[in-house]
Amino acid sequence: MALAQKIQEKTQKALGAHPADAKISKSYFSISFIALLVGGVLGLLQGLNRAGLLELPTWLNYYQVLTGHGLFLVLVFTSFFVVGYFYAALSHNLGGLQPKVRKMVWSAFWLKIMGAVTAVIPIIQGEASVMYTFYPPMAASPVFYIGLVLFVVGIWMAAFGAFIQVANWRKANKGQHLPILSYFATGVFVLLLFSSLFVAIEVFMILPWSLGWVDTINVMLSRTLFWAFGHTLVNIWYLTAVSAWYTIIPKVLGTRRFSDTLTRVVVMLLVILNIPGGFHHQIVDPGITESVKYLHVFMSLAIGFPSLMTAFAMFSIFERSGREKGAKGLFGFFKKLPWGDVRFLAPMIAMIAFIPAGAGGIVQTTNQLNQVVHNSLWVVGHFHLTLGMTVALTFFGVSYWLVPYVSGRVLTKRMNKLGVIQTWIWTIGMTLMSVAMHLVGLLGSPRRTSYSNYFGNETALGWDPYLIFLAVGGTLLIIAVVLQVYNMFHLMFRAPKGDSEFMVEPEAVGGNKTPFWTERWSRIIVLMLIVIAMGYVIPLTDFIFNAPPGSPPFKTW
Amino acid sequence: MQPIIGLIMFLFLMLPPVANLLESIMIFHMHMQMPLIAISGFLMAPFFMEKFPKFFAKWNERGIPGIILFTLVMTYWSIPRAMDDALTMYSVELFKFISLAFLAGVPLRASWMKLTDFWKNAVFVFFTLQYGLMGLIYLMSDSQLCNNYLQSEQITLGWGFLTVAIALLIYLIQLVIIDPSDYE
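If you read the protein sequences in the order shown, they are chains Y and S.
Numbering-wise, the first sequence is residues 82 to 638 according to the numbering used here.
Numbering-wise, the second sequence is residues 383 to 566 according to the numbering used here.
Everything labelled a hint here was simulated from the structure, so no lab data went into it.
Take these hints with a grain of salt, some might be off.
What the hints assert, rightly or not - Here are a few chain Y residues that face chain S, going by a calculated C-beta distance under 10 Å:
(1) Asn254
(2) Thr370
(3) Phe597
(4) Glu600
(5) Arg601
(6) Ser603
(7) Leu608
(8) Val618
(9) Ile619
(10) Leu621
(11) Phe626
Unchecked claim - Straight line, CA to CA, 20 Å or less: simulated EDC-like cross-link-like pairs of lysine to aspartate or glutamate:
(12) Y:Lys252 <-> Y:Glu600
(13) Y:Lys594 <-> S:Glu405
(14) Y:Lys255 <-> S:Asp561
(15) Y:Lys255 <-> S:Glu566
(16) Y:Lys374 <-> S:Glu405
Beta carbons: idealized from backbone N, C-alpha and C, even for Gly.
Make a model of the complete structure from these sequences and hints.
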């Protein structure tokens, strides 16, 4: 078996990505970056409107733009990138995708596109300005929800395709550990599957209600189901970014990975602990007793533990890589890091951004502090720092080698330089914008609100300087978006042909044998289900058995 | 190290504010406080196993007496009346802490590795059935089963039992349908 695998690895190295699998990843990346462009433009419109610099026409108002911005970036950009990235890993690690799996991931592709298009139509018509969180009592046109159903079914197809691929590889390679990036992929798809079950139940509650078949809906129940999905989705992107930090960064630095066991335990913990964390989004919601909220803070903060393990592992990798290159002194290794290489720079800035972003998350998870910032622009600043910096920059960093790899092309020095410039513009833009958002949020500026000076109220006028910074940041960001999209399509179709390496470091330090219990996914899933039960039985029983009369649909726009 | 962590955890759970918070909600009382006490005993077990190896060798040779003791104690504490007693009488509250830590947590640790797969699975089957049954009783009872807790809390606890039973059932089903030798 070992010999067969070696031969397979050698051929793979010589031939590069399997053409049929490369096409899958390329298609997913294309849609992802087109969504980035569209979503980015909508983001700019919003930023300019919020700063009072641009009045949007009635046929494309602020709330439509907000809903579209969320849908394109939160759902389409991320989910297409995640599938394209992990399927490239599954193909590379596990000897090419199986024909059946290829068919599944293509059906997933078209289902997701159909879903996204179906959802966008009512947004354009002004029938679905429910914003990307889409929870009752605001009701969109049923078409919007049908689109979301198709999108979720597409996600399930991609998840099951991955499971089949992994199960078959494991049958053919008994007793072996799943290669690390495929291990991350399995964790991500498990989370995607189980979290989207919640949103599927929610959408099936909303659909008859928006069609008028039932009169009322349980608002608290549907909000809770939404956030069980919503928060996990956020952590799915985060776990995807973490996968790149653990496996790709060491390769770029030319050193080995941090402990294999620790890496796998981090994945396991993030899978097990994640879903109940959604509750901290509802920490000021009525209908949940204080003691339950208090215990939920604990469940949410539990996710911080694997993140701190990750931080430790990363600094260890940096230090080792620096010392191998002859760095001296306590912090000398920082100078030895390849700051001029976009494949390192972008994820590195992403990681640095996660230090304040994670701290901001802890602020929001804490009951008392949440009262100060809830529904203010602080929250928007927070997720632009997490999604816009930590996740997006990691995705960009990955795409600078993965897109050329699947396209059979190479990253030239010029493109690398352009990538570095793009990364810095993005960083400056996002920093200006999210810092301004955090600060103006503390001063009370609300989120999800079109520009208003509230009849010249003094407090509201005091927000204006910050909002100008928001617009400046947004303008820089659109430059970075255009550059990024140009770079990606250039690397896909125009860059010089050649062989690129798949930048994943297989070797870990320590050389200790990873225990096999890390591979027992059914156990991990059962533990996850028990943790979900711990998190959700109390509030859900309360919401269902002590339910208020329910709410009819509202169209607030 | 583990026994010290277990002891600290045991004492922490005994602190009046901690005990009061966990006992204020029915499901926390049964599905959080009680398992945590048992886990603290589980962590303290190596201390006793090292101090009294002969005792464990003599009385718990194959782990069966230990697991039966564990099962009995855990089952006793799933009775609603037992919770009422613990809240009303200090002596029973004390017995709760002692029995769950030293008569459930410790024997579980001392027995589990000695058990054959048959007995391990039997324990899972027993708790799946018990939790499923208790869940149905708590859900379907028309009257208040505990003096100290409202009926709505009883329903929550019923769902707690039932969801754990479902998770255990999924574990058992995967034991039957997934053959580890296909993968390992």
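Hint check results:
1. Because the closest C-beta pair between Asn254 (chain Y) and chain S is about 9 Å apart, less than 10 Å, the hint holds.
2. Using the Cβ-Cβ criterion of 10 Å, the hint placing Thr370 (chain Y) at the interface with chain S is satisfied: the shortest such distance is roughly 8 Å.
3. Because the closest C-beta pair between Phe597 (chain Y) and chain S is about 7 Å apart, less than 10 Å, the hint holds.
4. For Glu600 (chain Y), the interface hint holds, since its Cβ comes within 10 Å of a Cβ in chain S; the closest pair sits about 7 Å apart.
5. With its C-beta approaching chain S no nearer than about 8 Å, Arg601 (chain Y) sits inside the 10 Å limit, and its interface hint holds.
6. Annotation: Ser603 (chain Y) was flagged as interfacial toward chain S, and the flag holds, the nearest CB pair being 4 Å apart, inside 10 Å.
7. About 8 Å separates the beta-carbon of Leu608 (chain Y) from the nearest beta-carbon of chain S, less than 10 Å, and the hint is met.
8. For Val618 (chain Y), the interface hint holds, since its Cβ comes within 10 Å of a Cβ in chain S; the closest pair sits about 5 Å apart.
9. The beta carbon of Ile619 (chain Y) comes within 5 Å of a beta carbon in chain S, closer than 10 Å, and the hint placing it at the interface holds.
10. The interface hint given for Leu621 (chain Y) holds, since its Cβ lies 8 Å from the closest Cβ of chain S, which is under the 10 Å cut-off.
11. Against a cut-off of 10 Å between C-beta atoms, the interface hint on Phe626 (chain Y) holds, since the closest Cβ of chain S lies about 6 Å away.
12. The suggested pairing of Lys252 (chain Y) with Glu600 (chain Y) holds, with an alpha-carbon distance near 13 Å, which does not exceed 20 Å.
13. For the given pair, Lys594 (chain Y) sits about 44 Å from Glu405 (chain S) by alpha-carbon distance, which is inconsistent with the 20 Å threshold.
14. The hinted pair formed by Lys255 (chain Y) and Asp561 (chain S) meets the criterion: a straight-line CA distance of about 12 Å does not exceed 20 Å.
15. With a C-alpha separation of about 5 Å, the suggested pair Lys255 (chain Y) and Glu566 (chain S) falls inside the 20 Å cut-off, and the hint holds.
16. As the CA atoms of Lys374 (chain Y) and Glu405 (chain S) are separated by approximately 16 Å, the hinted pair is consistent with the 20 Å bound.
Hint 13 from the list above is the single one not met by this structure.
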